[in-house]
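Asks: Sequence:
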Amino acid sequence: MRRLLLPIAAFAVLAQQPAEESKPAPAAEQRLSGTVEFGYRVLSGVGGDFQTYRSVVNLGEGPKLFSLDASWDDPKGRLFDKLDLRMNSWGGDPYNTARFEAGRARAWRFTADYRNIQYFNFLPSFADPTIERGVLLNQRALDSYRRATDLELVALPGRRITPYAAYSRNSSRGHGITTFVLDANEFPVPHMLRDHSDNVRGGVRLEWPRWQLHLEGGGITWHIDQQVYTFAERNFGNVLQPVLGQTLFLDRGNQSLDVRGSSRFARGSFRLHPADWAELAGQFQFSQPDSKTRYAQNNSGNFVNFTLLRFYSAELVSAEARARQPHTSASFAAELRPLQRVRIVESWMTDRLHDAGAALLTDRLLAGEQLLDARTASAAERLVLNYNQQEISLMVDVARGFTLRGGHRYVWGDAETPAPLILLPGAQPKPELRRHVALAGGSLVAGRRLRVTADLEASPGDRSYFRTSLHRYQRGKVRARYQILPSLLVSANFHVLNNQNPTAGIGYDFLSRQNSLGLQWTPGGGKWISLLGEYTRYTLRSDLTWRDPATLRSELSKYRDNGHAGTGWLEVGLPGRGSVQPRIHLGGSLVAASGTRPARFYQPFGRLAVPFGRRGQWYGEWRWHALTQPFYLYEGFRNHQFVTGLRLTM
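Residues in the sequence shown are numbered from 801 upward in steps of one, following this note's numbering.
Quick caveat, the hints were computed from the structure, so don't treat them as lab data.
From a predicted model like this one, the values you see are computed outputs, not experimental measurements.
All C-beta atoms in this analysis are idealised placements derived from N, C-alpha and C, irrespective of residue type, glycine included.
Hints are not guaranteed to be accurate.
[What the hints assert, rightly or not] Each pair of labels, with its calculated beta carbon distance range:
no., residue 1, residue 2, range
1, Ala1156, Gly1368, 54 to 60 Å
2, Tyr1335, Asn858, 25 to 31 Å
3, Asp998, Ala1258, 42 to 48 Å
4, Arg1234, Leu1153, 17 to 23 Å
5, Gly1002, Val1198, 47 to 53 Å
6, Glu1216, Ala1258, 27 to 33 Å
[Unchecked claim] With a straight-line cut-off of 20 Å between C-alpha atoms, the simulated SDA-like cross-links for lysine to any residue are:
no., residue 1, residue 2
7, Lys882, Arg899
8, Lys1230, Pro1302
9, Lys1277, Pro1302
10, Lys1277, His1208
11, Lys1230, Arg1152
12, Lys1358, Leu1374
13, Lys1327, Thr1203
14, Lys1327, Ala1399
15, Lys1358, Leu1270
16, Lys1277, Gly1242
17, Lys1277, Ala1292
18, Lys1230, Ala1156
19, Lys1277, Arg1313
20, Lys1327, Leu1374
21, Lys1092, Gly1045
22, Lys1358, Lys1277
23, Lys1230, Arg1313
24, Lys1092, Asp995
25, Lys1277, Trp1346
All chains should be modelled from the sequences, with the hints used to inform the complete structure.
Replies: Written as structure tokens, this is what we have:
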């Protein structure tokens, strides 16, 4: 908030500065303009699970600055001729932003962006193996804040040569719950985390009628610090049954992870218009991050080591690692128009990532004061990932407003990865990627009323990097809108994705459909009534074979999600006097899902807005949030929210 005090104070001073000789400026010369919206939110109290409410909605009560949009224009200003300030959702909401901009036309421009995100996730049913014992504890919970600040200074904006410099700061701090993982058991414990990165960059943009060039270089540094700790009462973890005749427990544990790194990068892009029928574009980027990692662990209690078949009471672990990751990416695109109704678009891109790292680990096991085992291990791993894509498309204007498109995409690559932790019988195949994709589509524009676009693609499948990657698939999208009347618009969207990977040991089958219809009705420009609505029907099916790490047997994972989603908005104008016309807003949204994890979410709302004067408006608003899950009744919530506020125009 302190970062915003200076620009806010500047606005306050400027707003109070009188015009020439303290005489009010004519209305035509008004320099300060904008809108401000502020008010107060009241919560009825959250019924049900408060942690789920915070994970899904997380809106608080109290005074709020919902939005501020202010501008100061002074064409005769010597240092600057324009100031802008925009703020949204201040007063404790989970996501708030601010943007300040100042400058002088064709001389300089300074911008400052600030974003604050509060991330809270504590769903009791997630990652909770002890839920059958009635322990509602998310073992992967997180409560953190992430803040990002971006500063940029541009010289000579709007001119042919525009140099600039920029700085970005991204940081996070929070706490949560994670697991202390040891042989035969996992112990949920609290943890703290924080990280930050600083990015400094600068470059120049060259703008000419026939070509444009953008060059940029800079560097980034980052630091990640995570702490896992427990000094409370004895922790028995997720396994309560005796292991080899003894009960496992954790008395004290501590893990610390410290990662520091830096990188330098350079990138450039160009756009070239050698002729009216040709356009070329491309970009290139290179970076080489370098990171150092330190890890330390100590724990005491009663544990088991399956390799030695011995119990131990304490463990000391330390590790150091270093990694370097050269990363190169490039792309090129060309659009040619050899004939009036024919366009050819060719594109190519490559992304090459090479990661080399080395680590040294020391692990000591103690049984009382006796050293049970001591190991020192070193490892050097290498990750190589190469991805390439080439695509060509031909577009033909068959008739006025009717265009057809056809093309082909080829994707290929290879990878070199560390050996898997679980070695399966037989030779391990080298990861490779090969995919041919057929492309088709078109668009139809009939006057001002009808517009239809369609995109289709299909691949026979070959080789994929990941088990759930696109393999043998067909995907289609159709979007349509029809202006029935000047005041009535209907739209429709259809999307389907069918993907299979029949490779032995994978057996992946995925199908997703999503269809939606929309309506917009604004008779008389919406002066007295307007209606907006959208309905979506979606279905999802996923079947995937996986291997149980404990037994190495193949199992089948099935997931189903079938649902309905809808939103609606009705606005009605009430009789008034002059420009004072009250308006009522009614509507809301809902999601009703069935399948593997059925759920119902409702959010109706109502709003009354009453203008006063020419530049003011008062409004009152009510919202209801409700979530129910039949299989997880303890994870539902309900909540009323009331807001009253003022909107003023300067």
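Asks: So which hints don't hold here, by number, going up?
Replies: Going through the list in order, the structure violates hints 9, 12, 13, 14, 21, 22, 23 and 25 and respects the others.
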